[in-house]
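*Asks:* For reference, the chains in residue letters:
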Amino acid sequence: EPEVTQTPSHQVTQMGQEVILRCVPISNHLYFYWYRQILGQKVEFLVSFYNNEISEKSEIFDDQFSVERPDGSNFTLKIRSTKLEDSAMYFCASSLAGGPGSYEQYFGPGTRLTVT
Amino acid sequence: GNSVTQMEGPVTLSEEAFLTINCTYTATGYPSLFWYVQYPGEGLQLLLKATKADDKGSNKGFEATYRKETTSFHLEKGSVQVSDSAVYFCALSGYRDDKIIFGKGTRLHILP
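Chains A and B supply the protein sequences, listed in that same order.
Residue numbers for the first sequence follow this note's numbering, beginning at 1 and rising by one.
Residue numbers for the second sequence follow this note's numbering, beginning at 1 and rising by one.
Since the hints were derived computationally from the structure, they do not count as laboratory data.
Worth double-checking, as some hints may not be accurate.
[Claimed, not checked] Calculated lysine-lysine pairs in the BS3-like style (CA-CA distance at most 25 Å, straight line):
hint: 1; chain 1: A; residue 1: K78; chain 2: B; residue 2: K56
hint: 2; chain 1: B; residue 1: K68; chain 2: A; residue 2: K42
hint: 3; chain 1: B; residue 1: K104; chain 2: B; residue 2: K77
hint: 4; chain 1: A; residue 1: K42; chain 2: A; residue 2: K57
hint: 5; chain 1: A; residue 1: K42; chain 2: B; residue 2: K104
hint: 6; chain 1: B; residue 1: K104; chain 2: B; residue 2: K60
hint: 7; chain 1: B; residue 1: K77; chain 2: B; residue 2: K56
hint: 8; chain 1: B; residue 1: K104; chain 2: A; residue 2: K83
hint: 9; chain 1: B; residue 1: K56; chain 2: B; residue 2: K68
hint: 10; chain 1: B; residue 1: K104; chain 2: A; residue 2: K57
Fair warning: this is a prediction, and the values are worked out from it, not measured in the lab.
Excised from the complex, chain A in its bound form (with noise of 0.2 Å):
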């Protein structure tokens, strides 16, 4: 069964350091999605991306964040400058359409990054 992967399973970056969030999204799905969640909070929205360019981004996807797909199959996240509270798990997810009620997404294992 197809399934979304992510890498690495896990990152340790020191404060100030970018870094880059990968994900292999499922081969024939249109719409991406990055969500993360800090420890023992909810897991919350980050962006949805569709058609070369965002579709929706929350609050919390301040200019430190960026989104990109540089060839047919990976989906990244960069953090610029990472900060203590970027400390979470980060899980991608994907879609063949929009609007979840019709058109599941799907949830890769997630990267646990830990900033220091």
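Starting from the known structure of chain A, fit chain B onto it as the hints suggest.
*Replies:* Leaving out everything else, chain B in the frame of chain A:
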């Protein structure tokens, strides 16, 4: 704004016990409602969903009914198994909305 509140965990039950995990929501219009499950080391998986009032979602013995009058979507299972041990997330998406809004998650432990 839209939000989801679910019961705090962890919940510990013996095998074959009856399970209820409470979930209530706040939303404008007619959201779609979901239960996701996360097994250890894995991503979030859609367990079941309901897209309109009085719909019942069901899968793997789990059920939840979309109750608009009480703004609830409680998860139930008649007889849990050890393999049901996981974290369960109640969630919603608004009408014409692509993002999913999650609750905090409820960790479930089933003892043999």
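*Asks:* Against each hint, give a clear statement of whether it holds in the structure.
*Replies:* Outcome of the hint check:
About 40 Å separates the Cα atoms of K78 (chain A) and K56 (chain B), which puts this hinted pair outside 25 Å; it is violated. Of the pairs offered as hints, the one joining K68 (chain B) and K42 (chain A) holds, with about 23 Å between alpha carbons and a cut-off of 25 Å not exceeded. Between the alpha carbons of K104 (chain B) and K77 (chain B) the distance comes to roughly 20 Å, so the proposed pair stays at or under 25 Å and holds. For the hint linking K42 (chain A) to K57 (chain A), the alpha-carbon distance of about 17 Å falls within 25 Å, and the restraint holds.
Proximity of K42 (chain A) to K104 (chain B) is assessed by CA-CA distance (about 4 Å); at most 25 Å being required, the pair is judged to hold. About 22 Å separates the Cα atoms of K104 (chain B) and K60 (chain B), which keeps this hinted pair within 25 Å; it holds. Between K77 (chain B) and K56 (chain B), the direct Cα distance comes to roughly 13 Å. Compliance with the 25 Å bound is thereby established for this hinted pair. For the hint linking K104 (chain B) to K83 (chain A), the alpha-carbon distance of about 23 Å falls within 25 Å, and the restraint holds.
This hinted pair checks out: K56 (chain B) and K68 (chain B) have alpha carbons roughly 12 Å apart, not beyond 25 Å. Between K104 (chain B) and K57 (chain A) the CA atoms are separated by roughly 20 Å; this keeps the pair inside 25 Å, and the hint holds.
Violated hint: 1 only; the structure is consistent with all others.
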